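**Q** The lines below spell out each chain.
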Amino acid sequence: MDGAHVTTPDAILDIKGLNRSVLVKPGAKRIIIDDFNFSFSEGQIYTIVGPSGSGKSSLLRLLNRLDERDDGEIIFQGESIDSIPVQALREKIALVFQMPYVFPGTVESNLLYSRSKKHENERNELIDLLNRVGLDEMYLPRNPENLSLGQQQRVALARSLSMEPEILLLDEPTSALDPGASRTIEELLTNLNQTMNLTLIIVTHNFRQALRLGGISLVLIDGRIIEAGPTKELFENPANEQTRKFIAGELR
Amino acid sequence: MIDIGFLEVAIAICLMILAIILARWQRTGTEKELAIGTVRSFVQLVAVGYALEFIFGMENFFAIIGTMVVMMMVGAYTAGKRAVNIKNGSVISFIAIFTGSLVTLGLMLGLGIIKAKAQYMIPLGGMIIGNSMNCSALVMERLYSDISGNKLAIETSLSLGKSWQDASRTYFQRAIKAGMMHMLNFFKTVGLVALPGAMTGMILAGASPLKAVLIQIIVGYMLTAAVTVAGIVAAQLAIRQMFTTHHQLKL
Ligand SMILES: Nc1ncnc2c1ncn2[C@@H]1O[C@H](COP(=O)(O)OP(=O)(O)O)[C@@H](O)[C@H]1O
Ligand SMILES: [Mg+2]
Numbered sequence: 001m002d003g004a005h006v007t008t009p010d011a012i013l014d015i016k017g018l019n020r021s022v023l024v025k026p027g028a029k030r031i032i033i034d035d036f037n038f039s040f041s042e043g044q045i046y047t048i049v050g051p052s053g054s055g056k057s058s059l060l061r062l063l064n065r066l067d068e069r070d071d072g073e074i075i076f077q078g079e080s081i082d083s084i085p086v087q088a089l090r091e092k093i094a095l096v097f098q099m100p101y102v103f104p105g106t107v108e109s110n111l112l113y114s115r116s117k118k119h120e121n122e123r124n125e126l127i128d129l130l131n132r133v134g135l136d137e138m139y140l141p142r143n144p145e146n147l148s149l150g151q152q153q154r155v156a157l158a159r160s161l162s163m164e165p166e167i168l169l170l171d172e173p174t175s176a177l178d179p180g181a182s183r184t185i186e187e188l189l190t191n192l193n194q195t196m197n198l199t200l201i202i203v204t205h206n207f208r209q210a211l212r213l214g215g216i217s218l219v220l221i222d223g224r225i226i227e228a229g230p231t232k233e234l235f236e237n238p239a240n241e242q243t244r245k246f247i248a249g250e251l252r
Numbered sequence: 001m002i003d004i005g006f007l008e009v010a011i012a013i014c015l016m017i018l019a020i021i022l023a024r025w026q027r028t029g030t031e032k033e034l035a036i037g038t039v040r041s042f043v044q045l046v047a048v049g050y051a052l053e054f055i056f057g058m059e060n061f062f063a064i065i066g067t068m069v070v071m072m073m074v075g076a077y078t079a080g081k082r083a084v085n086i087k088n089g090s091v092i093s094f095i096a097i098f099t100g101s102l103v104t105l106g107l108m109l110g111l112g113i114i115k116a117k118a119q120y121m122i123p124l125g126g127m128i129i130g131n132s133m134n135c136s137a138l139v140m141e142r143l144y145s146d147i148s149g150n151k152l153a154i155e156t157s158l159s160l161g162k163s164w165q166d167a168s169r170t171y172f173q174r175a176i177k178a179g180m181m182h183m184l185n186f187f188k189t190v191g192l193v194a195l196p197g198a199m200t201g202m203i204l205a206g207a208s209p210l211k212a213v214l215i216q217i218i219v220g221y222m223l224t225a226a227v228t229v230a231g232i233v234a235a236q237l238a239i240r241q242m243f244t245t246h247h248q249l250k251l
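Line by line, the protein sequences give chains A and B.
According to the working numbering, the residues represented by the first sequence are 1 to 252, in order.
According to the working numbering, the residues represented by the second sequence are 1 to 251, in order.
Mixed in with the good hints there might be a few duds.
[Stated by the list, open to error] Computed list of lysine-lysine pairs in DSS-like fashion (alpha-carbon distance at most 30 Å, straight line): (1) Lys92/A / Lys151/B; (2) Lys81/B / Lys29/A; (3) Lys81/B / Lys25/A.
In case anyone wonders, no lab produced these hints; they're calculated from the structure.
Predicted model, so just to flag it, every value in this text is computed and none were measured.
Isolated chain B (complex conformation) (with noise of 0.2 Å):
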């Protein structure tokens, strides 16, 4: 691809300030949120790529290690703010969100598949955090409404001498795979439907399809894992904020 500055960015913003004026002309209602969005995503983004040049060009592992925990507080407080009727959800949502990003970067460190460099600790870092985070809202938001809307279920299978574990297993399995539909369904229409952004990005960015597929792929495994593990840690979490150890419930 061509070198890119500030000049082709500029060229981009024309193409945006023709979407804008064609949602005017076709009174769309959307021209100022678009408007908006061209303004806040170019300030973000660019700040952000200064941010990351900065620690990239630190090169300290220390600061690798505190970006990610920053990126994965503002993941948990995001995720609580959606689980509105969970107590505690930016907790649960930043131990899930966590556990995740350990174990599989943890993994993937171990076995040598990547080094603890900023370049691939942060971009690897920001997907599993934005990806868990979702998840995380998702499952304590699904576990909460299934939940509080299937009380009499429960209490009468409270009442039959089943444990708290029994009485719900139902509905902490449905809010896990509405925690992991996402990942599931990409699974199904990846390289057919959609190409992810991260390949689409390398092979902009000049490296061969063939790299780039592998790359995506270990990315796609990685970032399965740890939203697997940050669903069961929030479902987990949430759940037991529901429950006594007496079995009773506690909505």
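Chain A extracted, bound-state conformation (with noise of 0.2 Å):
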């Protein structure tokens, strides 16, 4: 995958020579995404599979600005992210965390949290941001801290809805939930990627939620991507060593 960098007509980012290390002492520098390249489409789910410490969650903050990349190019829409001003590129290029966290107040506060410039909102347009995340306006006066973990990454997922992003990045948005809620927010996702044409690119260190949910795989080892394809195909038919190594549980 790196060097060649192709730009696809559908292009909804494009990344090109992407780096980004820290200082891990003075003097002492880890790279921790390696010249990364890739061409996002638009209305695709991507899943950025690797083992933990590969660089997957650094990649996400790099794409929304959350931390500051070294050099390389991040093109969103045709336009450098470097012209577009931070606050509105986060609410086109939303991110969502491993661990929801929710603001106290209500599940309405929460919705409302991103929003202060368009006050008057319809109620109805918050019960359609429930409803796309399977709950309904009951949980609108709910505090969201006495909700279940998995109801909680709903609220959070339906408050990053309600800035209608253009691309939603998510960060192993299952892993603190358990099978049964991960299961149903995988659902809920495909079924956004395919009513709202909403491009998705999702972190996992599980091959298999990268099979569930279809559409496109980057495998990612020590900031660099190693293979990437239609996920199917990727995973049942791995070309790189390190992609099998990982799909036999050797590297964690």
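Using the hints, build the complex out of the two chains.
**A** Here's what the structure looks like:
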């Protein structure tokens, strides 16, 4: 994957030569994203799969500029993300974290959290947001801190959707949840992708989850894409030795 | 009060010796610190006394300012060392303490409430600097622990398009409150539970209680104003180090 770069015509997010390193000690640099090149198409589901510590979270954080890259280009809808005001960018490229954080208050206040500008929100709009994540209007007045983690993650998802993002980044959105709640979220995500044509980039350390989600997978190891392609083919017939090791559970 | 000299101090030291004997007899384990503390405070205070006599004797404006700058530097260094996790904590504290002192003493001088004499500037400056030092150390410590302990909440806010100022406002407010708590509590109990030091000292030195109270009120308001300014400056400077202009958390 590295080196060769093809920009697809329907690219929504085009990444070229992306690098990020951190100073672990004064003078000691550690590369965590190593020459990442990829072109994400609009309306697709992507999963980024790899062992823990391979740089998956770091990659997502570069895409909504929670962290700053060392070099490389990130082109969103034909425009470098540097020329888009950061706060506006984060509404267009939304990030959902592994551990849902809900703000104290009500589910309603959480759904309104990101939208201070357009204040007179229709109640119907909020109900619609809840429905999209499989909850109903009964939840609006509830204190989200008393909900189960799975329900909190759905509130977090609805809260991100309230920004009407073009791309949704999800960092291991189910790894804090039990298997039942995980499946629900997976189904919600594929549904959102189909009904809203929302581009999803989902990080997971579990290739079985990637298989359930479908779409296109990128295998990330030590900050590099070692293999990418349609999820089913990739994991049923991996070309790369390290991908095989990862599937066999030898890489954690 | 009777005239005080070193003889009277020597008698007071007898009290400390009594306390040390008592501590030893009861095996409190504090006798050594008491003994060291007695000697140490004696030496420090007497040295300060002579230094102040010297400065008061000069009655030179620049000597007063120089003394205050030295006190500020010591205070800033101490506060910076307490807030170990804040980069340039001493520099931040210096700016905070300096601003707090400048605003309040400047205003008092400008309004003619005090004169630019060592008798006023040094004790008031000392109190302002000491309290501002405490406040800025507390503010920086609290800011760091709250922000580093709430990364997920803050980055969730940032990811929802909030500015770093909005995402950190709660912690900014809490830190300032923590730094001012001492002052705010003081207001509640002053005169009821505790008689403030300045007032006690004046009454002991023979001033009328009412006059002592009026001066205490002025001192109290001035200290609070100075601490407020210092706390806000320290918090503003410290929090700016924790975020980038691109609304990224740097911790
Ligand atoms: N701010 C940072 N400082 C130091 N090391 C970091 C930092 N962020 C990430 N890393 C390191 O970078 C590597 C990739 O981390 P991460 O992106 O969290 O991996 P993943 O999400 O795939 O588990 C890890 O080795 C991690 O320790
Ligand atoms: Mg991760």
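**Q** Each hint needs a verdict: does it hold in this structure or not?
**A** A quick look at each hint next to the structure:
no. : hint               : verdict
1   : Lys92/A / Lys151/B : holds, 22 Å
2   : Lys81/B / Lys29/A  : holds, 28 Å
3   : Lys81/B / Lys25/A  : holds, 22 Å
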